[in-house]
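Undergrad: Going line by line, the protein sequences match chains A and B.
Residue numbering for the first sequence follows the working numbering, starting at 1 and increasing by one per position.
Residue numbering for the second sequence follows the working numbering, starting at 1 and increasing by one per position.
Misleading hints may appear alongside valid ones.
[To be verified] Derived contacts from chain A toward chain B, CB cut-off under 7 Å, selection only:
1. Gly43
2. Glu44
3. Phe110
4. Gly111
5. Lys112
6. Gly113
Honestly, the hints are just simulated from the structure, not real lab data.
Quantities reported herein were computed from a predicted structural model and do not represent experimental measurements.
No residue lacks a Cβ here, since even glycine has one placed at the ideal position from N, Cα and C.
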Amino acid sequence: AQKVTQAQTEISVVEKEDVTLDCVYETRDTTYYLFWYKQPPSGELVFLIRRNSFDEQNEISGRYSWNFQKSTSSFNFTITASQVVDSAVYFCALSEAYAYSGAGSYQLTFGKGTKLSVIP
Amino acid sequence: EAQVTQNPRYLITVTGKKLTVTCSQNMNHEYMSWYRQDPGLGLRQIYYSMNVEVTDKGDVPEGYKVSRKEKRNFPLILESPSPNQTSLYFCASSLYSGSSYEQYFGPGTRLTVT
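Just chain A, same shape as in the assembly (with noise of 0.2 Å):
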């Protein structure tokens, strides 16, 4: 079964500073695709990112940027310099692109989260 860790339940940092919210997952399916949400404090939750397992190309939007390591089954998310506004609970997610989730087929599966506060 896939299954998502996000080790870090809170993060605070100062305004300004780099963060890292890490994630690591565990799948039996060699094609999947991984995700990151965020959910501001206003309780919606917003699409960040999608990268499949065969894409290890690092990507950056701006302050934001992910690492994908299928050697560490890892997906991690970094924001560069952060801002007040990036004050969150920032989620990853993995589905699998094939059936070994059973009834759960298409599911996105989510670790638990990751609580950023940024302080002025």
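Knowing the structure of chain A, use the given hints to seat chain B on it.
TA: Just chain B now, with coordinates in the frame of chain A:
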């Protein structure tokens, strides 16, 4: 505006009183899903639907029902709510049911069962 809507946003009810949380999307998405979010547990899938009249259980389906009679709507039904169903509920949709498609989430429904 492309969106997933849920109603109501907040609901306080009593044990045993049937309720329905509606979910609607205007993106012509095939795949829809319900999740519940609880502290320390993250988001867990309740039910999902790959298309009209096609639904299946997720990780935590007990105590819930769903239906998908139209492509745009995917209501969540609690026939006899209990306090352990107090939670934050999210509806989501994606273009197709393939795992590569990101899901778009509604704003959430905070349910309290007393």
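Undergrad: Each hint: holds or not?
TA: Going through the hints against the structure:
no., hint, verdict
1, Gly43, "5 Å, holds"
2, Glu44, "5 Å, holds"
3, Phe110, "4 Å, holds"
4, Gly111, "6 Å, holds"
5, Lys112, "4 Å, holds"
6, Gly113, "5 Å, holds"
Of the hints listed earlier, there is not a single one the structure fails to meet.
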